[in-house]
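A.B. asks: Line order of the protein sequences matches chains R and D.
Using this note's numbering, count along the first sequence one by one with no gaps and you end on 243.
Using this note's numbering, count along the second sequence one by one with no gaps and you end on 552.
One or more hints might be untrue.
[Said to hold, decoys possible] Which residues of chain R face chain D? A few of them, derived with a C-beta cut under 7 Å, are:
1) M81
2) A83
3) R86
4) L87
5) F92
6) Y97
7) V102
8) P112
9) I114
10) S226
11) D227
12) V228
Hints were generated in silico from the structure; no laboratory data involved.
Since we're looking at a predicted model, the values are computed, not measured.
Glycine is no exception: its CB is placed at the ideal position from the N, C-alpha and C atoms.
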Amino acid sequence: MSDHVVETKGVTRTFQMGDVSVHALRGVDLCIQPGEFTAVAGPSGSGKTTLFNLIGGLDEPTEGSVFVDGKPLEGMNPRMRARLRLDKIGFVFQAYNLIPVLTAYENVEYPLILKKVPGDERLKRVEALLGAVGLEDMMHRRPNQMSGGQQQRVAIARALVCDPVMVLADEPTANVDSETGQALLDLMRRLNTENNLTFLFSTHDPMVMSSARRLIRLKDGRIDSDVRQNGDESGAPVPAGA
Amino acid sequence: MLLFKMAWRNLWRNRRRSVLTISAIGLGLAILITMVSWMEGMFEMMIEQVARSSMGHVQIHHSEYIEKRSVKLTMPAASRLTTMLEAVEGIEGVSPRLLFTGSIRSSRSSSIHVVKVVAVDPERERKMSGLPDKVVDGGFVVPPPETLKPDAPARVKNRKGILIGAKLAKHLKAELGSKVRLDTAGFKSNTSAAAFYVTGILRAGSDALDKSMVMVSLKDMQAVTGAGDRIHEATMVVEDVTAVEDVVRRIEASITGANGDGSLGDLAVQPWWEISPEIKQMLDISDAWNGIMYLLMMSILSAGILTTMFMVVFERTREFGVRLAVGTRPRSLFLGVMLEAILMALLASLVGLVVGAISVAYFVHVGIDLSSLAGGWEFAGIFFENVYRGSAAPKVFIEPTLVVFVGTILFALWPSMKVARMKALDAIRQGGVTG
Ligand SMILES: Nc1ncnc2c1ncn2[C@@H]1O[C@H](COP(=O)(O)OP(=O)(O)OP(=O)(O)O)[C@@H](O)[C@H]1O
Ligand SMILES: [Mg+2]
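For reference, chain R alone in the conformation it holds in the complex (with noise of 0.2 Å):
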């Protein structure tokens, strides 16, 4: 179990809204090897958020569990999540990523303040990450005095500081124009490439699901296609989609 970074069984979940049932998962299944770089695509509300936020743990499926980094997530408390968040999974939202009273340095060092982590190897992890996402210069600018693009290169900074085994990112690219987009993008890829680090994440950019290694569909809280593409040899071999 443990090669797989990310595991789901059988999700599915379901919002009650009075006396609406909303399904917005109805049965996913999937695996996320390490090194992978993957999209999520579909329609606005395909499930794809929903999914992000079981697999982060932010929420727990109706039916069916999920397994990070081989661990069931089932039956953890809200502290133990919050404290695996911290350790294994980074996130990346699709905007307002960052606290608004940090600077970009203070808001990468964020997380290991949190995991106690000491000063001086603190400023050596955000130094190196804050440089690997060009942000060498913005270091102790506020978000508010920061682009958009600045801003989810931050996040992207920050998800990546405590080592994650995977980066969970949300739309990242969704309040950027195509060529911060794309830039953004680079960044990602080249990150995964040469730290052979798990991306997972959510668009509805043609261009962005272009330049994934794997892509999944989905569609009314289901998988519609899952295909690997641009030459991906990672990991076993997918199933053909349903």
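Starting from the known structure of chain R, arrange chain D with the ligands on it as the hints suggest.
C.D. replies: Positioned in the frame of chain R, the structure of chain D with the ligands alone reads:
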């Protein structure tokens, strides 16, 4: 440290709102401090006046005297009692007294006036009474000047002085040097009468003193009435008015120690609030006023802290969601919001203390003039000054500031708890832009 830094910066994120809240609470605190200072000043003045009014802070009588007011209910061995009391820790002054109801008349007028006769030891009385300052003519319970002449005949040497009020002097058509006759109850025989010479005229502004009281020397009165070493009352002023109860306890202990043979008589020690329950009641009402003002402050706080912090929580829902998603513990979000409120209270207290101190300084220096309300006022037989000063006692600053702090912490708990109970997912979704 990180929490503190974030709370501090968060405070200045919405600069205008924070400044507004801080100044509102600060100003409220300054007003509260000023009002408490007035109230405390009034307390202090009243207690002081009570003491200076001849009531003192503590009195000792024969145990039945207060109830029966009979001239016969005296305390023997007054000199011994007085010296003993003067040795008790915390007592500033002791005044032994004989008290009579008497009648006075002068040869110049046919009218007879009923007066309260207070016989005092002038040196001791002077230390604790404000009356010597109110003497407008002559001296405070002094012998007639002619008795001091070395060649004065014995008849003249034995003349006794009396201090009377200005209004009484007018009615008696008496002035300094006038001879008056004073009739009182006596000890050897049932009545006693003696001639006195006016050696002082008093104008205190109250009829109780200016019209209906005379003061004579204790020694003279003891001789005239045949009281010997007896007195009716020993009045004491304490060094610290807040420690009256302790002093009462010490007095009782030393009396018990010295009165094994009963030679001091059957004594009762009473603090001022037992002697004048009306004053005590009035002070209690003032205390209730302070309570109402504290409640008012609480409502300012609830408006300030509660609304501000709820706005903070509402505005930052998204941010809290992200922080939770990253792995922050709910407890630290809770502490962050609390810390922000406490910082706000700290700054507000600073503002309030500075403005309050300036305002208190003004009222301590200039005083509060009540003369426009009434030409001085009298309550429970005690005459109070027209102008009193605010108090600058530490209590005036400490209590209101504590109220602000406790109130802030209390009112910040609710919004902070709301944050602590947030679910990362809901917080991110409610924050508007979902991924
Ligand atoms: N907390 C919730 N309560 C009720 N319904 C929800 C909740 N979260 C999601 N849904 C519903 O579940 C379905 C899937 O939503 P989800 O956000 O996962 O879609 P998505 O693929 O991320 O869409 P988008 O591309 O617009 O972000 C939608 O119909 C949505 O309305
Ligand atoms: Mg979504």
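A.B. asks: Take the shortest C-beta to C-beta distance between Y97 of chain R and chain D; is it under 7 Å?
C.D. replies: 5 Å, holds
A.B. asks: Under 7 Å is the threshold here; is the Cβ of F92 of chain R close enough to any Cβ of chain D for the hint to stand?
C.D. replies: 5 Å, holds
A.B. asks: Once the shortest beta carbon distance from P112 of chain R to chain D is found, is it less than 7 Å?
C.D. replies: 6 Å, holds
A.B. asks: Would you check whether R86 of chain R satisfies its interface hint, that is, whether its CB is within less than 7 Å of any CB in chain D?
C.D. replies: Check passed: Cβ of R86 of chain R comes within 5 Å of chain D, closer than 7 Å.
A.B. asks: Tell me if L87 of chain R is really an interface residue toward chain D, meaning its C-beta lies closer than 7 Å to one of theirs.
C.D. replies: OK, holds: L87 of chain R within 7 Å of chain D, min 3 Å.
A.B. asks: Under the criterion of a CB-CB separation shorter than 7 Å, is V228 of chain R in contact with chain D as hinted?
C.D. replies: 23 Å, violated
A.B. asks: Does S226 of chain R pass the interface check with chain D, least Cβ-Cβ distance below 7 Å?
C.D. replies: 22 Å, violated
A.B. asks: How about V102 of chain R: closest beta carbon in chain D under 7 Å, or not?
C.D. replies: 4 Å, holds
A.B. asks: Tell me if the interface restraint on D227 of chain R is satisfied: Cβ within less than 7 Å of some Cβ in chain D.
C.D. replies: 21 Å, violated
A.B. asks: Can you verify the interface hint for A83 of chain R: is its Cβ closer than 7 Å to any Cβ in chain D?
C.D. replies: Holds, because the Cβ-Cβ distance from A83 of chain R to chain D comes to roughly 5 Å (cut-off 7 Å).
A.B. asks: Return the status of the interface hint for I114 of chain R: holds when the least beta-carbon distance to chain D is below 7 Å, violated otherwise.
C.D. replies: 5 Å, holds
A.B. asks: Hint M81 of chain R vs chain D: min CB-CB distance below 7 Å?
C.D. replies: 11 Å, violated
Hints 1, 10, 11 and 12 from the list above are not met by this structure, while the remaining hints are.
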